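Chain order of the listed sequences is A and B.
In this text, residue positions in the first sequence follow this note's numbering: the first is 317, and each later residue adds one.
In this text, residue positions in the second sequence follow this note's numbering: the first is 317, and each later residue adds one.
No wet-lab data here; the hints were simulated from the structure.
No false leads were slipped in.
Because identical chains cannot be distinguished in the list, a pair is counted as satisfied if it fits within a single copy or across any two copies.
Okay, derived cross-link-like pairs now, EDC-like style, lysine to aspartate or glutamate, Cα gap no bigger than 16 Å in a straight line:
no., residue 1, residue 2
1, K584, D540
2, K599, D487
3, K606, E399
4, K447, D395
Source: prediction; values computed, not measured.
Take a look at the letters that make up each chain.
Protein chains: 2
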Amino acid sequence: MKNICLGIDVGGTTVKMGIFEIEGQLIDKWEVPTRKEEQGRYILEDAAKSIQEKMNEQNISNEAIVGCGIGVPGPVMPDGYVEVCVNLGWHDCYPAKELTNLLGGIPVCCANDANVAALGEMWQGGGKGYKDLVMITLGTGVGGGVILNEKVLSGQHGLAGEIGHICVRVDEEELCNCGGKGCLEQVASATGIVREARRTIEKTDIPSVLRKSVLTITAKDVLDAAKCGDELASKVMETMGFYLGQVMAQVTMIMDPERFVIGGGVSKAGDYLIDIVEKYYIKYTALTKKKASIGLAELGNDAGIYGAARLILD
Amino acid sequence: MKNICLGIDVGGTTVKMGIFEIEGQLIDKWEVPTRKEEQGRYILEDAAKSIQEKMNEQNISNEAIVGCGIGVPGPVMPDGYVEVCVNLGWHDCYPAKELTNLLGGIPVCCANDANVAALGEMWQGGGKGYKDLVMITLGTGVGGGVILNEKVLSGQHGLAGEIGHICVRVDEEELCNCGGKGCLEQVASATGIVREARRTIEKTDIPSVLRKSVLTITAKDVLDAAKCGDELASKVMETMGFYLGQVMAQVTMIMDPERFVIGGGVSKAGDYLIDIVEKYYIKYTALTKKKASIGLAELGNDAGIYGAARLILD
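Isolated chain A, as found in the complex:
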């Protein structure tokens, strides 16, 4: 009986892997380093080898495996083609096809890692019970994943869910990594929050505990200070919530999901963050009272392996 699925989350530093029962229970998880030499050509081999070893160790036969899902840090086209994963060194490849060959022919599905994390949260995390959701990951950058009818939406060019690069500040002068200016990522990511705090310190006289350690401020410092009522930190977080709430309103007016799930390091601020964001989300969806609920992600760094495993169950 086929009752096991595998999930792989390929990151720039480690490749995370998990073995799951098809009902969603995690049997085992582990990780191996991401070998990036020679354009990352060993990454999939390493993963496949490690999975085979773990399956032997756990006495799981190939016959029990429904298949394997894999999340990769770059756009994935509808046919599985990956033009580039900058952080891995990959160019022009079909990761799912390669991995199928390396894993003795079992079915493999590939999707973008942010979309896959969203699927994981839908399956066993902060989006459990919802079929249409958008996950927003507030980490070093701002990632997004879109789930429609329990399936990842990749988009026609693999761009679906790239909400971190929606322009929210047309008068921004600093460049974003994407080549644009004024992206959501520049104000709502951990990096963006720190940048905004430093700017506000420089441009205003608002008193703040953050002024004592301008060079070493972290996003957590800003959030902790804001929660304690620090005026400057609160202003920074209002700015962040204003832009993120607006983008979530845009998402609602375009595709109207049931649920938003907010994850990533910044989401550790919990209800404080949700409250600020929701205030602006409601303001900018004046058209209707019926709208998506907003919740926190629950799977942390495991969302990727959960989602990858779920990917193969469709």
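Since the structure of chain A is already known, use the hints to place chain B on it.
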């Protein structure tokens, strides 16, 4: 053999109807007035009666009919429930179920009219050959319809495609019909273009042919003047293109369609309009060179009946 489908487009003034071959050829189209008395209770009866008459006239038997689609001017929930269609007087109804009963039990599907028009353009209009597209209708208001994998996306609360009510100008002080402020509709609809022209006349000294007839300006006047190089009219259209291009970039970063189709009265400006909008669309999708193409709608007021007929073919 079932080779005929029916499309109904219910508007506030007329109910448009069409008989189609399932390959997309229009056999006949006509319309009846929308009887709004008694909360619009006769609208579906009138439509059903008119269709039966036309089928008799055309010698089409019930056995030839695959089914009937209907587009209505309000949000439609995934289960077909319609809470309200303000322009018809409808409250708390299931139009598809009612119409099935009135049409002798043939299958009926119901969706929002803007979404249905988008489906029509995909089937036989400016989106032919594309599976994922977003249609933007620039008329009295700004409507939107989202098609994913050849199907209408209604959203969890029937709001998908309501891009006219994305806030683009946070410092706007005038209210939009939706209760919000600064909606795309307030600057990109025909009404919005006129409003913006009047404002610019009032607030600036820029010379313009439009100053001669401030009270009677139409959107067409603004577009015609802009095409002839009128400085003020050109400024108004740049503003419009700036906001519409931004919203289209938001759509791309969220769901990444293959194609945008622009329709409605304002779209009669043709390539002039497309060029302005595309300039800003490209600017605000700096992340990638691969993006959606932009084209003009082709079906005019018939998009609704085409899309409604296509709706039942899924």
